[in-house]
Amino acid sequence: MTDTAWIDAALTSARPQAVGALLRYFRNLDTAEEAFQNACLRALKSWPQNGPPRDPAAWLIMVGRNVAIDEVRRSRRQEPLPEDEAISDLDDAEERLAERLDGSHYRDDILRLLFICCHPELPATQQIALALRIVSGLTVKQIARAFLVSEAAMEQRITRAKARVADGNVPFETPGAVERSERLSAVAAMIYLIFNEGYSAGGDTAEIRSPLCEEAIRLARLLLRLFQSEPEIMGLAALLLLQHARAAARFDADGALVLLDDQDRSLWNQQMIAEGLALIDKAMRHRRSGPYQIQAAIAALHARAARPEETDWTQIDLLYGALEMVQPSPVVTLNRAVAVSKVRGPEAALEMIEPLSSRLSNYFHYFGVRGAFLMQLGRNDEARIAFDRAIALANTSAEAAHIRMHLDRLMRDSAPCNAKAAK
Amino acid sequence: MLYAILCYHDEDFVGSWTKEQDAAVMKKLAVVQDKLAKQGRLGPVARLLPTTSATTLRKEEPPVVLDGPYAETKEQLLGFYLVDCNNLDEAVDVARDLGAANPGGAYEIRPVGLFQPGGPVK
Numbered sequence: 006m007t008d009t010a011w012i013d014a015a016l017t018s019a020r021p022q023a024v025g026a027l028l029r030y031f032r033n034l035d036t037a038e039e040a041f042q043n044a045c046l047r048a049l050k051s052w053p054q055n056g057p058p059r060d061p062a063a064w065l066i067m068v069g070r071n072v073a074i075d076e077v078r079r080s081r082r083q084e085p086l087p088e089d090e091a092i093s094d095l096d097d098a099e100e101r102l103a104e105r106l107d108g109s110h111y112r113d114d115i116l117r118l119l120f121i122c123c124h125p126e127l128p129a130t131q132q133i134a135l136a137l138r139i140v141s142g143l144t145v146k147q148i149a150r151a152f153l154v155s156e157a158a159m160e161q162r163i164t165r166a167k168a169r170v171a172d173g174n175v176p177f178e179t180p181g182a183v184e185r186s187e188r189l190s191a192v193a194a195m196i197y198l199i200f201n202e203g204y205s206a207g208g209d210t211a212e213i214r215s216p217l218c219e220e221a222i223r224l225a226r227l228l229l230r231l232f233q234s235e236p237e238i239m240g241l242a243a244l245l246l247l248q249h250a251r252a253a254a255r256f257d258a259d260g261a262l263v264l265l266d267d268q269d270r271s272l273w274n275q276q277m278i279a280e281g282l283a284l285i286d287k288a289m290r291h292r293r294s295g296p297y298q299i300q301a302a303i304a305a306l307h308a309r310a311a312r313p314e315e316t317d318w319t320q321i322d323l324l325y326g327a328l329e330m331v332q333p334s335p336v337v338t339l340n341r342a343v344a345v346s347k348v349r350g351p352e353a354a355l356e357m358i359e360p361l362s363s364r365l366s367n368y369f370h371y372f373g374v375r376g377a378f379l380m381q382l383g384r385n386d387e388a389r390i391a392f393d394r395a396i397a398l399a400n401t402s403a404e405a406a407h408i409r410m411h412l413d414r415l416m417r418d419s420a421p422c423n424a425k426a427a428k
Numbered sequence: 248m249l250y251a252i253l254c255y256h257d258e259d260f261v262g263s264w265t266k267e268q269d270a271a272v273m274k275k276l277a278v279v280q281d282k283l284a285k286q287g288r289l290g291p292v293a294r295l296l297p298t299t300s301a302t303t304l305r306k307e308e309p310p311v312v313l314d315g316p317y318a319e320t321k322e323q324l325l326g327f328y329l330v331d332c333n334n335l336d337e338a339v340d341v342a343r344d345l346g347a348a349n350p351g352g353a354y355e356i357r358p359v360g361l362f363q364p365g366g367p368v369k
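Chains as they are written, first to last, in this note's numbering: chain W, 6 to 428; chain Y, 248 to 369.
Hints in this document: simulated from the structure, not taken from any laboratory. Note that beta-carbon positions come from the ideal geometry of N, C-alpha and C, so glycine has one too. Please note that the accuracy of each hint is not assured.
Using C-beta positions, here's what the derived DEER-type ranges look like [to be verified]: (1) Y/368 x W/9: 36 to 42 Å; (2) W/185 x Y/284: 44 to 50 Å; (3) Y/358 x W/276: 26 to 32 Å; (4) W/258 x Y/270: 46 to 52 Å; (5) Y/307 x W/318: 38 to 44 Å; (6) Y/270 x W/331: 36 to 42 Å.
In isolation and in its complexed conformation, chain W is listed as follows:
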């Protein structure tokens, strides 16, 4: 790795802790970010010459704080410029600072930094953009690219989000147990949103947007490192890993969606699967189930099946049943119906989704799934109507293309019959 690549990686990994601590000192996001930026500039000058500090985060916090304090003094013109002595003899100071950065502060600093991005008044897309900017340190350009919007639009979105956050009350007191767990679940939900933003991309943009998935996984691992015994955070990390492990198999060369049953499983990332399975395994030992764990357990059953026929659909049906209880939603029922169709056949599955029709009347997947059940039952005319509706509701061109494939198959299947009838 080149020098600069090394430093980049070190700055990225130190960022959440450093910005989080600086935010605690200055109680102002802009000041904290600016202080961190300045510290990074000094690092780029100093590290290649003096070698890496033992604790990069502590170094950056220390330097960032001193530089910011200098600036305040400078602007007040009360004292002569303190120059670099203020940050000299860093080795010594670094050690003292590192000692003061005790575990709980470090944890709550990062959690706070993530938590302020989950401001309830911010729409989801702004929460994600803000987190990617201030926690992950992605550039506005990188974020704009992942969101497929112009840099100017993204800049504006982030500026607005920041202003919103600054107006609100950032909670600086050390959280109690209840608050901490509330913050954790808000942050977990936000990380899941980041992941989904990347995961729900179509084949044409999947590659551009997959950094979102990778960043979400990095944040989930970070969160889990801070809160090692939280089964739902294990579940979240496992879920993201198991889903993302399939990334290479989810789209064909033309960018069309490949369904789970048709995916080339040799393309699945076995290392991510191993990590995901290990985490869900660990989480289950706690016997404190939750939506992320259940979803991860479902993903784990898919990951464990070397061939689609080996999928344990009965267990998946049961898990969706459990998910329906903790997180009732028509979308969960719809997913469960797919498992039911494998276990008890399309008729039972169709019956199960019939009551959802009004609530999912604008949901692409509802009509895709419904069409597939009808097709399996040989009710081709009804299937065609459902597929037509699905195409009208498709969110990406890959989704539409996938349904069109079904329609083509229906045409092919019914064509010989029609020809016969004509004779």
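Mind docking chain Y on chain W? Use the hints.
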């Protein structure tokens, strides 16, 4: 004599590598490993999954199972090599070669007292 070379590194830092950076490091390490393997000196090599996947059993009475790695330190045990070396100097040389391929962190070099290779695992 067999030496264990235990790899310690800041996991956050290693976790910040891009896929390409990670692959580049693994490729450089493979060169060092190949050389040792050709000399018949390379035993098992393991890269461990992140410490978030670790569980610790404290052998108290009764034993307690805890989530996470044994020690919460700035640098974590991320993997190990088993290498046959004539003496410590040789083992340090191997660690140096590995370190040149993957800078940062530290290697702990420990002579192996008992080694049971076990059977092949899948």
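Comparing the hints with the structure gives:
1. Y/368 x W/9: 36 to 42 Å: With Cβ atoms ~40 Å apart, the hint holds.
2. W/185 x Y/284: 44 to 50 Å: holds, 49 Å
3. Y/358 x W/276: 26 to 32 Å: Since the Cβ atoms of residue 358 of chain Y and residue 276 of chain W sit about 31 Å apart, the hinted range of 26 to 32 Å holds.
4. W/258 x Y/270: 46 to 52 Å: Between residue 258 of chain W and residue 270 of chain Y, where Cβ atoms are some 22 Å apart, the hint is violated.
5. Y/307 x W/318: 38 to 44 Å: holds, 42 Å
6. Y/270 x W/331: 36 to 42 Å: holds, 39 Å
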